[in-house]
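K.L.:
Residue numbers (numbering that gives the first Met the number 0), protein chains in the order written: chain A, 0 to 282; chain B, 0 to 282.
One or more of the hints may lead you astray.
Copies of one chain are not kept apart here, so a pair can be met inside one copy or by any two copies together.
[To be verified] Keeping only pairs whose Cα atoms sit at most 25 angstroms apart, straight-line, the calculated BS3-like set for lysine-lysine is: (1) K93 x K260; (2) K230 x K260; (3) K260 x K74; (4) K37 x K93; (5) K37 x K1.
Calculated directly from the structure, the hints in this document are not laboratory data.
Protein chains: 2
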Amino acid sequence: MKAQAECFECNIRQALEAVEKAGKDRHFAWQVLQQVCKNYSQADSNWTPAFMTTVAHRITQEMVGIQDIFYEEKKYYNRMALELYPQLKEYVEKSNNRLETALRIAIAGNIIDLGVYKEVKVNEILYQIEHIPWGIYDWEDFQTDLHSSKILLYIGDNAGEVVFDRVFLEEINQGRQIYFIVKEKPISNDALREDAIEAGIDKIATILTTGQGEIGIDINRAPQEVQEVWKRADCILSKGQGNFETLSDRPESIYFLLKAKCKAVSRELGVEQGALVLKKNHS
Amino acid sequence: MKAQAECFECNIRQALEAVEKAGKDRHFAWQVLQQVCKNYSQADSNWTPAFMTTVAHRITQEMVGIQDIFYEEKKYYNRMALELYPQLKEYVEKSNNRLETALRIAIAGNIIDLGVYKEVKVNEILYQIEHIPWGIYDWEDFQTDLHSSKILLYIGDNAGEVVFDRVFLEEINQGRQIYFIVKEKPISNDALREDAIEAGIDKIATILTTGQGEIGIDINRAPQEVQEVWKRADCILSKGQGNFETLSDRPESIYFLLKAKCKAVSRELGVEQGALVLKKNHS
Numbered sequence: 000m001k002a003q004a005e006c007f008e009c010n011i012r013q014a015l016e017a018v019e020k021a022g023k024d025r026h027f028a029w030q031v032l033q034q035v036c037k038n039y040s041q042a043d044s045n046w047t048p049a050f051m052t053t054v055a056h057r058i059t060q061e062m063v064g065i066q067d068i069f070y071e072e073k074k075y076y077n078r079m080a081l082e083l084y085p086q087l088k089e090y091v092e093k094s095n096n097r098l099e100t101a102l103r104i105a106i107a108g109n110i111i112d113l114g115v116y117k118e119v120k121v122n123e124i125l126y127q128i129e130h131i132p133w134g135i136y137d138w139e140d141f142q143t144d145l146h147s148s149k150i151l152l153y154i155g156d157n158a159g160e161v162v163f164d165r166v167f168l169e170e171i172n173q174g175r176q177i178y179f180i181v182k183e184k185p186i187s188n189d190a191l192r193e194d195a196i197e198a199g200i201d202k203i204a205t206i207l208t209t210g211q212g213e214i215g216i217d218i219n220r221a222p223q224e225v226q227e228v229w230k231r232a233d234c235i236l237s238k239g240q241g242n243f244e245t246l247s248d249r250p251e252s253i254y255f256l257l258k259a260k261c262k263a264v265s266r267e268l269g270v271e272q273g274a275l276v277l278k279k280n281h282s
Numbered sequence: 000m001k002a003q004a005e006c007f008e009c010n011i012r013q014a015l016e017a018v019e020k021a022g023k024d025r026h027f028a029w030q031v032l033q034q035v036c037k038n039y040s041q042a043d044s045n046w047t048p049a050f051m052t053t054v055a056h057r058i059t060q061e062m063v064g065i066q067d068i069f070y071e072e073k074k075y076y077n078r079m080a081l082e083l084y085p086q087l088k089e090y091v092e093k094s095n096n097r098l099e100t101a102l103r104i105a106i107a108g109n110i111i112d113l114g115v116y117k118e119v120k121v122n123e124i125l126y127q128i129e130h131i132p133w134g135i136y137d138w139e140d141f142q143t144d145l146h147s148s149k150i151l152l153y154i155g156d157n158a159g160e161v162v163f164d165r166v167f168l169e170e171i172n173q174g175r176q177i178y179f180i181v182k183e184k185p186i187s188n189d190a191l192r193e194d195a196i197e198a199g200i201d202k203i204a205t206i207l208t209t210g211q212g213e214i215g216i217d218i219n220r221a222p223q224e225v226q227e228v229w230k231r232a233d234c235i236l237s238k239g240q241g242n243f244e245t246l247s248d249r250p251e252s253i254y255f256l257l258k259a260k261c262k263a264v265s266r267e268l269g270v271e272q273g274a275l276v277l278k279k280n281h282s
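The following block holds chain A by itself, in its conformation from the complex:
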């Protein structure tokens, strides 16, 4: 997917939020935003939205001198999500359609700002999940492809969210080989290997990394091991907007699981902003 005009505004806001999270003052923020603008004055409209986000976060990381600005936030999200884990499992147990429920839970991790929901009961979260409409729902294809899959590649997204991914992966772990990809280096609140392990993903999947500290994943620049798994996998699932932005033009068959949070991604997918998406590309 190519970057859109809306990406300028959104990523400048993200840079400011990161500067504030790093505890820097207004004067410092001003200098960071000047630098992001300097870079964006040369922004190529062939960039992905994810790359624009990476540029903003990288400038901020370098200027504030903290590589993992969102460290505390990620730990907080992991903890919150782990507290919900037993109830999420129970919810799958009791549901009529376990696969669909587990899938909804995985996408829930992409929906939920756990900071907002920490005091809210899991049933209320699930009620919300159930009532958000699907914009795209390639359910039949997904069931078929998943059923025949032996090597599954799952491209993870944020810290906290990885606990929700675990619930889903535990449900579909029926003799499959599962690979789970996280970022190699910190970028925004994206999950690192330590987050995946904290979430218990290592109990069910082989954890690999993108080799980079960038939003999304560029398979062509990924480590050899990831490239090999990418070729061997018979089912690829991609979580969240950043991975969609960097993988949407790939020729391989990929399922995108996400909530279309922003105007640019919603328009690209042809869905209402806020809709849930289970989309097979080339379907």
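With chain A held as given, fit chain B onto it using these hints.
P.N.:
Same frame as chain A, now just chain B:
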């Protein structure tokens, strides 16, 4: 007031909205935003927020080749507000405190996006106005200063809003000489002389212009006539954020009437975002 880090994001959004209103495509929008960013990479933190807004709008006007991008919108807002005028007048007639009601109506023009409220009854609008809390309410000073005023200078803000200003000015037009300032050239949806005349302001006030097409007003660069009235006036009322941003550091006594719409202005005033403000500077 000095520009804040939030102003980068807000003004880039405004530039994009203006490009879209001008009917230009994504490719064109991209080039405009690159140009805004180029300019903002050199942004001086001593600029006013209003100047940052002016830069974004001016770049957009020049690149799209349309000076008055918001012309249709302004006409629409004027028409909507004029349809409400008889009901606003009646509301003042029936109220227990006519001055306070008229003042609230004037600020209502700064609150209300008439595009949103066109189908809504005036009583519902006024209900909303009445229930938005005051962040700053220098009512006693205002009453005293207004009571003794003979030459009143009122610095207007947006098209549509000028009709609400008229209701207020008609209420306080008790033998006073009233001057009403609009922009000389188009900028955003700010009122021009033609908007003030359409709203009927000319029946009650002498209309002057800032001499510029910039957000807010810089008295030092205003026409001689405005500078003279500025000195002669014994009561100065300034509407909206743009005028506050450019006048807040002036040594003269000024009443600021506005809704603190954004984070930067709310923080500057020390009020909750969204609060109503009737503030006398140097009070």
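K.L.:
For every hint, state whether the structure bears it out.
P.N.:
To see whether the hints hold, each was checked on the structure:
{"no.": "1", "hint": "K93 x K260", "verdict": "neither (29 angstroms within a copy, 47 angstroms between copies)"}
{"no.": "2", "hint": "K230 x K260", "verdict": "neither (30 angstroms within a copy, 52 angstroms between copies)"}
{"no.": "3", "hint": "K260 x K74", "verdict": "within (23 angstroms within a copy, 34 angstroms between copies)"}
{"no.": "4", "hint": "K37 x K93", "verdict": "neither (54 angstroms within a copy, 57 angstroms between copies)"}
{"no.": "5", "hint": "K37 x K1", "verdict": "both (20 angstroms within a copy, 21 angstroms between copies)"}
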